[in-house]
Amino acid sequence: MYAIIESGGKQCRVSPGALVTLERIEGDAGKQVELSKVLLVADGDQVKVGAPYLQGALVMSEIVRQGRGPKITVFKFKRRKRYRRTQGHRQEQTTLRITEIRG
-18 MYAIIESGGK QCRVSPGALV TLERIEGDAG KQVELSKVLL VADGDQVKVG APYLQGALVM
42 SEIVRQGRGP KITVFKFKRR KRYRRTQGHR QEQTTLRITE IRG
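Numbering (this note's numbering), first residue to last: -18 to 84.
Hints should not be assumed to be uniformly reliable.
[What the hints assert, rightly or not] Distance condition first, Cα-Cα at most 30 Å in a straight line; then the derived DSS-like pairs of lysine-lysine: (1) K(-9) - K52; (2) K12 - K52; (3) K29 - K12; (4) K18 - K(-9); (5) K(-9) - K12; (6) K18 - K29; (7) K18 - K52; (8) K62 - K52; (9) K57 - K(-9); (10) K(-9) - K29.
Hints in this document: simulated from the structure, not taken from any laboratory.
Construct all of the structure, not just a fragment, from the sequences and the given hints.
See below:
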């Protein structure tokens, strides 16, 4: 059984017991989170597709940890104008453990 969910503007395939890293979701480690933006649920030969979301479908998960992703370097440059700017960024992320798929 698996589902395709949307979170943070991105889509992700999840299955029960999987660890998934998504953009930051508010909450502390150990808190239960419901993900209601479910696009597809597949169970064996049965596939349910939403338009765009499935009504009544739900993915239950638990927050494992809150953290930050790898550092990226943002470098702006204009040739022949002596313009250079360097900036770093680390995106905040949440790691979830998928516990149950309803739908």
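Okay, the hints, checked on the actual structure:
The suggested pairing of K(-9) with K52 holds, with an alpha-carbon distance near 20 Å, which does not exceed 30 Å. Between the alpha carbons of K12 and K52 the distance comes to roughly 27 Å, so the proposed pair stays at or under 30 Å and holds. For a cut-off of 30 Å, the pair hint linking K29 to K12 stands: about 28 Å separates their Cα positions. For the suggested pair K18 and K(-9), the alpha carbons sit about 11 Å apart, so the restraint of at most 30 Å is met.
For the proposed pair K(-9) and K12, the alpha carbon gap of about 22 Å is at most 30 Å, so the pair holds. At most 30 Å may separate the alpha-carbon atoms for a hinted pair to count; K18 and K29 meet this at roughly 14 Å. For the proposed pair K18 and K52, the alpha carbon gap of about 29 Å is at most 30 Å, so the pair holds. Pair hint K62 plus K52 holds up; C-alpha atoms about 28 Å apart against a cutoff of 30 Å.
About 26 Å separates the Cα atoms of K57 and K(-9), which keeps this hinted pair within 30 Å; it holds. At most 30 Å may separate the alpha-carbon atoms for a hinted pair to count; K(-9) and K29 meet this at roughly 20 Å.
Violation of the numbered hints given earlier is absent; every hint is satisfied by the structure.
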